[in-house]
Structures are given as structure tokens and as C-alpha cells.
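*Asks:* The lines below spell out each chain.
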Amino acid sequence: MKIHHMGQKKDYKVVGVEGRMDAVSAPEFEEFLNALIDEGALKVIVDFEGLDYISSAGLRSVLITAKKIQSKNGSILVVSLHDTVKEIFEISGFSTIIPIHASVDAALETA
Amino acid sequence: MASKERFQTMAKIGLPAEMENLEELLDFVEKEADKAEFPTRRVLEIRLATEEVLVNIFYYAYPETDGDVSISCFVKEDFFVLKILDGGTPFNIMAAPGPDVSSCLSERCVGGLGVHLVKKMTTEARYVRENGQNRLTLVFGKCRQK
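Note that the protein sequences, when read in sequence, are chains W and A. Using my numbering, read the first sequence as starting at 1 and increasing by one per residue. Using my numbering, read the second sequence as starting at 1 and increasing by one per residue.
A portion of the hints provided could be inaccurate.
As the list claims (entries may be wrong) - Okay, derived cross-link-like pairs now, DSS-like style, lysine-lysine, Cα gap no bigger than 30 Å in a straight line:
| # | chain 1 | residue 1 | chain 2 | residue 2 |
| --- | --- | --- | --- | --- |
| 1 | A | Lys120 | A | Lys83 |
| 2 | A | Lys35 | W | Lys10 |
| 3 | A | Lys120 | W | Lys2 |
| 4 | W | Lys68 | A | Lys120 |
| 5 | W | Lys67 | A | Lys31 |
| 6 | W | Lys86 | A | Lys120 |
| 7 | A | Lys76 | W | Lys2 |
| 8 | A | Lys120 | A | Lys31 |
| 9 | A | Lys35 | A | Lys119 |
Stated by the list, open to error - Some chain A residues well away from chain W (every beta-carbon gap over 10 Å; in silico):
| # | residue |
| --- | --- |
| 10 | Pro16 |
| 11 | Lys31 |
| 12 | Glu45 |
| 13 | Glu51 |
| 14 | Tyr62 |
| 15 | Thr65 |
| 16 | Asp66 |
| 17 | Val75 |
| 18 | Phe79 |
| 19 | Ala96 |
| 20 | His116 |
| 21 | Lys142 |
Derived from the structure by calculation, the hints contain no laboratory data. Yeah, the Cβ is synthetic: ideal placement off N, Cα and C, and Gly gets one too.
Construct the complete structure from the given sequences, taking the supplied hints into account.
*Replies:* Here it is as C-alpha cells:
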């Protein structure tokens with residue numbers, strides 16, 4: 001898994017994730033987002049365009065991060081999910097608790 | 001249960017049940033499912049179910065002890081079959097409680113998702129405790145049943 005900053009879009013910090021988010025790599029995602037939140041970022045867009053795979057450990061990290069941002073009255077949006085990843089979000093019931101958008105621009109339009 | 005001759009043995013891997021071996025175990029399963037000519041999407045679902053099972057074995061079958069886990073892959077008719085064995089504490093992942101997938105974010109507890117995904121991804125899953133081992137059989141059809 002690779003994770004990197006993609007810059008600022010309006011009020012949102014955009015973070016890109018590539019590869020596989022599994023039990024080995026998920027803690028890295030959590031640490032990266034935690035550092036961002038600690039720096040004061042409360043509006044975050046996670047771009048999953050390069051993400052091929054997510055397991056429950058990855059979902060758990062997304063959930064923990066979302067809860068942390070929500071507790072500070074911030075918001076987290078996920079965008080550009082592959083069909084396979086989107087299906088895992090849906091099966092897990094995550095698509096109803098974390099807003100999913102087709103792209104960064106689509107997210108900004110509705111945000 | 002079909003007779004043994006109807007199984008086409010493909011491959012087997014055995015490694016210490018440690019997180020550092022997760023990728024190697026999963027890459028092995030993915031390669032075998034690829035060889036069995038399962039669709040790419042299904043191969044990822046097989047990888048996912050296997051990850052969930054292995055992580056549970058790492059945490060619950062061997063909470064404080066070291067031990068091995070082995071995975072055998074078979075192809076039987078149109079099915080890809082995995083037999084996952086460990087010698088740890090009796091632990092039946094299929095009997096573990098799942099999450100409430102309808103609760104909202106603030107109420108959502110962090111856990112139970114793995115077993116939910118295993119159930120969703122497999123066509124059939126069977127657990128037995130035999131000869132001091134946890135023996136889990138996962139059966140995958142070519143497509144996920146929705």
C-alpha cells in the first residue's frame with residue numbers, strides 16, 4: 001500500500017491510497033490520517049482510485065479514523081472506489097455510514 | 001463428502017502463524033486461484049476470505065503461543081477449495097458473532113466484520129475440531145452468491 005498527500009481542494013485535504021489495504025498495511029493508513037487530524041485537518045477526502053483491495057482490517061482503520069474526525073465535528077469523504085472495493089463497503093454496511101462519491105470533484109460539489 | 005480421488009490436489013503451504021507471513025500465505029492462495037482460472041474479481045474475494053480467517057487464527061488460535069498454519073488448495077469440479085489447519089486453541093470462526101451492519105457510525109462497534117465477510121465470500125464454510133487441530137474448509141464457486 002502507498003499513501004500520499006494530493007494537496008488541498010477547497011476546505012479539504014486530499015489523501016491518495018494505492019495498492020492493498022490489509023491487516024499488514026491498515027495501521028499505516030491509520031497513523032497517516034491520525035497525524036493529519038492531529039495537525040488540525042478536520043475535512044479530509046480519501047481518494048481510493050488506486051486501491052485494489054480492502055479487508056476488514058482496512059475497513060476498521062477507515063471506521064476508526066471516521067469516528068475520530070466525527071468526534072471533532074469534522075468530515076471524511078471517500079471517493080473513486082473500484083467496483084470490488086465498493087462492494088466490500090456495501091456488504092459491510094459502510095456505504096451508509098461513510099459518504100462515498102464518484103470523484104473528488106463530485107464530492108466537493110455536494111460537500 | 002466426495003471420495004478423495006475426485007479432488008485434484010494442487011498445492012500446500014505451511015508457515016508459522018505470524019502476521020509477517022500473511023502476505024506470503026495470501027499470495028500463494030491468490031496464485032493458485034489464478035491457476036484454477038477463477039475470474040480476477042473472484043480471486044480477490046478468495047484472498048479476502050483467506051485473510052480474514054488467517055488474521056483470526058493469528059489472534060485467537062495462538063493468542064500467546066507460537067504455532068503453524070497450513071493451507072491446502074484443491075479444485076473440485078467448478079469449485080476452488082481451501083483447507084486451513086492450525087494446532088492452536090479451539091476456535092470456530094464460523095460461530096463467532098458478526099457485526100450489526102445496519103447501525104450508524106457512532107454506534108458501530110469495531111469488530112466482527114471479518115467473519116461477516118468470510119460468510120459473504122464463501123459458497124460454503126465448514127469447521128471441525130479434529131486431532132487437536134482447527135480444520136476449516138472454505139469452498140468457493142466461480143461467482144459469489146448474492
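*Asks:* With 10 Å as the threshold, tell me whether Lys142 (chain A) passes as away from chain W on beta-carbon distances.
*Replies:* For Lys142 (chain A), whose nearest Cβ neighbour in chain W is about 16 Å away, the distance exceeds 10 Å, so it holds.
*Asks:* Confirm or reject: Lys31 (chain A) is not an interface residue toward chain W, with every Cβ-Cβ distance exceeding 10 Å.
*Replies:* Fine: 15 Å to the nearest Cβ keeps Lys31 (chain A) off the interface.
*Asks:* Given the hinted pair Lys35 (chain A) and Lys119 (chain A), is their Cα-Cα distance within 30 Å?
*Replies:* holds, 24 Å
*Asks:* Classify the label on Thr65 (chain A) as holds or violated, using whether its beta-carbon is more than 10 Å from each beta-carbon of chain W.
*Replies:* For Thr65 (chain A), whose nearest Cβ neighbour in chain W is about 19 Å away, the distance exceeds 10 Å, so it holds.
*Asks:* Say whether it holds or is violated: Ala96 (chain A) keeps its Cβ farther than 10 Å from all Cβ of chain W.
*Replies:* Consistent with the label, Ala96 (chain A) stays out of reach of chain W, its closest Cβ about 12 Å off (over 10 Å).
*Asks:* Run the distance test for Lys35 (chain A) versus Lys10 (chain W): straight-line Cα separation, threshold 30 Å.
*Replies:* Outside the cut-off at roughly 47 Å; violated.
*Asks:* Would the hint linking Lys86 (chain W) and Lys120 (chain A) be met if the CA-CA limit is 30 Å?
*Replies:* Since the Cα atoms of Lys86 (chain W) and Lys120 (chain A) sit roughly 14 Å apart, the hinted pair holds (cutoff 30 Å).
*Asks:* Holds or violated: are the alpha carbons of Lys120 (chain A) and Lys2 (chain W) at most 30 Å from each other?
*Replies:* holds, 28 Å
*Asks:* Please verify that the nearest CB of chain W lies beyond 10 Å from Tyr62 (chain A)'s CB.
*Replies:* Given that every Cβ of chain W is farther than 10 Å from that of Tyr62 (chain A), nearest at about 15 Å, it holds.
*Asks:* Report holds if the minimum CB distance from Phe79 (chain A) to chain W is greater than 10 Å, and violated otherwise.
*Replies:* holds, 21 Å
*Asks:* Can the restraint linking Lys120 (chain A) and Lys83 (chain A) be considered satisfied, given a maximum Cα separation of 30 Å?
*Replies:* Since the Cα atoms of Lys120 (chain A) and Lys83 (chain A) sit roughly 18 Å apart, the hinted pair holds (cutoff 30 Å).
*Asks:* Would the hint linking Lys120 (chain A) and Lys31 (chain A) be met if the CA-CA limit is 30 Å?
*Replies:* The hint holds at about 22 Å.
Comparing the model with each earlier hint shows violations of hints 2, 5, 7, 12, 13 and 20; every other hint is respected.
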